[in-house]
Amino acid sequence: MNEDKPGALQALRGLGKGLATTAKTLARPAHTRQYPHVEPDLPERSHGVIALLEENCTSCMLCARECPDWCIYIDSHKETLEPTTEGGRARQHNVLDRFDIDFSLCMYCGICIEVCPFDALFWAPDFAYAEGDIRNLLHEKPKLGTWMERVPDATLPEGYARPGAETPAQDADGPVGVTEPSVGEAGSSAEGTDAGDTSSREVEE
Amino acid sequence: MTSRDVLFAAVGLITAAAAVLAVTNRRVLHAGLWLVVSLGGLAGCYLVLGAELVALVQLLVYVGAVVVLVLFALMLTRSGGGEVDTSPAHRWLAAGVGAGMTVLLGGALVAAYGWDTREVAGPGNEHIGEEIFGTWVWPFELLSLLLLAALVTAVAVATTGHSRDRAA
Amino acid sequence: MDLPLAVEIILKAVVVLAAFLTLPLAIGQTEHKVMAHMQGRLGPMEAGPHGIAQLVADGIKFVQKEDVTPASADRWVFKLAPAVALIPYLVALAAIPWSAAWVAADVPASLLLVLAVTSVGVFGTLMAGWGSGNKYSLVGGMRAGAQLVSYELPMVLAAASVAMAAGSLSLTGIAQAWSWWWLIWQLPGALVFLVAAVAELQRVPFDSPLADSEVVFGPYTEYTGLRFAFFLLAEYAGIVVMSLLFTVLFLGGWSGPWSDTLGPLWTLLKAALVAILILWLRIAWPRVREDQLQRLAWLVLLPLALVQLALTGVGVVVWG
Ligand code: SF4
Ligand code: SF4
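Chains as they are written, first to last, in my numbering: chain A, 1 to 205; chain B, 1001 to 1168; chain C, 2001 to 2320.
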């Protein structure tokens, strides 16, 4: 017998400890949560799904280009706004036609959310959107918009008012008080102009 | 013919058939498994004849231990699966020896008891117990001593080999 | 009760078969639940209230599965193995008494019968190990063979000690001769028997023949569907038989208050406790290595069993 081997007494004590531990666990309530019957109480910032705040999106394509597996599809076109004041200049802005995320490819890295300069993408805690067919995991603009509901208040842009709420969370003079496509932002979308007219990524390439 | 005769004949036939299969089978492991059937059938024969103690000991010792060891050895050496081919001379010799033994034993039995049926009236379990632990107690004790010596020796052989391994 | 012999035999056979099919399921369900709660889980919850019908669902699943025989398998050996593993326990269950009157097949040397037929069950494992044509199965089969032969001896010796104390080879006789102080007198024997029984069943901590992390699932690796289910059934039927046997040999079987009427219930209760103990070991303890396993059998259990035998001998001479 080697010296470092446990003696018979120690071995027996170890076995007894095993029995005691399991018996103690037996007496305590189980940790299991019965998920489909009981909703899990997730932390509000859980990374469940990516929600799109369409009004904030300028079709700048940053998210689509940074996405490691290219699962964001964006199409847009330019529209010209007539000047509102006499002698003013006509302005152009992008109108989002298509914004899809293919959740069968998405790996929830969150890069798209990080890079979006306009606070248009958010983590929402919803996770139960499994589908019977993998093709149905390609979610479009309206669907991505519905998940905004569950986005925690703390991550919302200042001044954003939920559709149901009467008053905005902050005063309307916040930097981006967005309830409609914001024209004032078009100036800052200068860097996004390279997105061009048809900004699908095939063209980009 | 009583029902016991029929039963005995049936069990005997199974035993004999299994025994023949055990010696004619080309795959050694199958032969071993037929040996199990044959020895089990023999236990059945004892049972039909009213010697249940012998039958159960037969099952426990031969089927449960001896053949298991045989099969274990076959599996260990991996020789159980292949076909074994013996020379014709070998086979004929074996068949001759087997037939000779059968005739000899059968002849001895017939010579001793004749052809007429006999009542089997073996001693019961209690009687066997009394005999073993009364009249034959010393040979019995000697036997157990022998087994104990064998056991201790086996352990000694196993453990000394062990320590040599470790020293090396 | 005076019934025609044939009717009585059929009735008893049906009852034994029913017990053989339900008790192992009860053990399996208990294992699911006890193990789950000992690990802080809930276990099966969906099939029936608290997952009570989980094993029925499993059974239906097993029936639907394809019955695969590997190409390199030894066909008949492979196919017969589950039956060989299962049937001995059925016979054993029939011979174990639940009370003085409740025994399906009351044979004189029933202790010997039970030990003999359970030792035949080894062949199921050996045949499965050989017949699968798989190296893991072969290694597992050999481990099983070595283990079962080694633990057979201490087990038989421990049982012999009780038989000697009772002066009977019949389980009914042994249970009737039992009195409470045997709990102390036969304690070493009881421990040896319990350990050997767990080893015989190839359950943790003696499950190295099946060790999933070493030999996949040992002899049962290649089995699918119903044949696999039969092996599982054999394992749980084995627990039932061993628990009942332990109860009858070392715990006095049906002795207890009002044993005339409640006898079988006492047997059932004690056997259930023993079975839960066997399940508990699986949950609490790690697996014993193959060489440690042999060392335990030959250097600890066997001497202990011999000491018990001597102790019993002295006791019988002094008090008998
Ligand atoms: S989370 Fe990552 S993988 Fe998913 S869409 Fe955003 S950038 Fe692409
Ligand atoms: S990075 Fe933001 S603003 Fe730009 S396209 Fe993506 S979601 Fe729209």
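Possibly wrong hints are sitting among the right ones.
Taking lysine to any residue and the SDA-like style, the derived pairs with C-alpha atoms no more than 20 Å apart in a straight line are [stated by the list, open to error]:
no.: 1; chain 1: C; residue 1: K2012; chain 2: C; residue 2: V2103
no.: 2; chain 1: A; residue 1: K24; chain 2: C; residue 2: I2009
no.: 3; chain 1: C; residue 1: K2079; chain 2: B; residue 2: W1138
no.: 4; chain 1: A; residue 1: K24; chain 2: C; residue 2: P2286
no.: 5; chain 1: A; residue 1: K24; chain 2: C; residue 2: P2108
no.: 6; chain 1: A; residue 1: K24; chain 2: C; residue 2: I2276
no.: 7; chain 1: A; residue 1: K141; chain 2: A; residue 2: Y108
no.: 8; chain 1: A; residue 1: K141; chain 2: A; residue 2: T84
no.: 9; chain 1: C; residue 1: K2061; chain 2: C; residue 2: P2286
no.: 10; chain 1: C; residue 1: K2135; chain 2: B; residue 2: T1077
no.: 11; chain 1: A; residue 1: K17; chain 2: C; residue 2: V2034
no.: 12; chain 1: A; residue 1: K143; chain 2: A; residue 2: T84
no.: 13; chain 1: C; residue 1: K2079; chain 2: B; residue 2: A1018
Calculated directly from the structure, the hints in this document are not laboratory data.
Small disclaimer: the values here were computed from a predicted structure and weren't measured.
*asked:* Next pair to validate is A:K24 with C:P2286; report whether the Cα-Cα distance is within 20 Å.
replied: Holds. A:K24 to C:P2286 sits at ~18 Å (cutoff 20 Å).
*Would you mind confirming whether the straight-line C-alpha gap from A:K141 to A:T84 stays at or under 20 Å?*
It is violated: about 29 Å lies between the C-alpha atoms, which goes past 20 Å.
*Are the Cα positions of A:K141 and A:Y108 separated by 20 Å at most?*
At roughly 18 Å apart (the allowed maximum being 20 Å), A:Y108 and A:K141 satisfy the hint.
_Hint consistency between A:K24 and C:I2009 [alpha-carbon to alpha-carbon, up to 20 Å]_ = violated, 47 Å
*With a cut-off of 20 Å on the C-alpha distance, tell me whether A:K24 and C:I2276 pass.*
holds, 15 Å
*asked:* Hint check: C:K2079 vs B:W1138, CA-CA at most 20 Å. Holds or violated?
replied: violated, 48 Å
*Is the hinted pair A:K24 and C:P2108 satisfied, with a Cα-Cα distance of at most 20 Å?*
violated, 45 Å
*Is A:K17 close enough to C:V2034, meaning Cα to Cα at most 20 Å?*
holds, 18 Å
*Going straight from one Cα to the other, do C:K2079 and B:A1018 come out at no more than 20 Å?*
holds, 19 Å
*Does the structure keep C:K2012 and C:V2103 at a Cα separation of 20 Å or less?*
With Cα atoms ~9 Å apart, C:K2012 and C:V2103 stay inside 20 Å; holds.
*Does the alpha-carbon distance linking A:K143 and A:T84 stay inside the 20 Å limit?*
violated, 33 Å
*Take the C-alpha atoms of C:K2061 and C:P2286, compute the straight-line distance between them, and say whether it is at most 20 Å.*
violated, 30 Å
Violation of the numbered hints given earlier is confined to hints 2, 3, 5, 8, 9 and 12; the remaining hints are satisfied by the structure.
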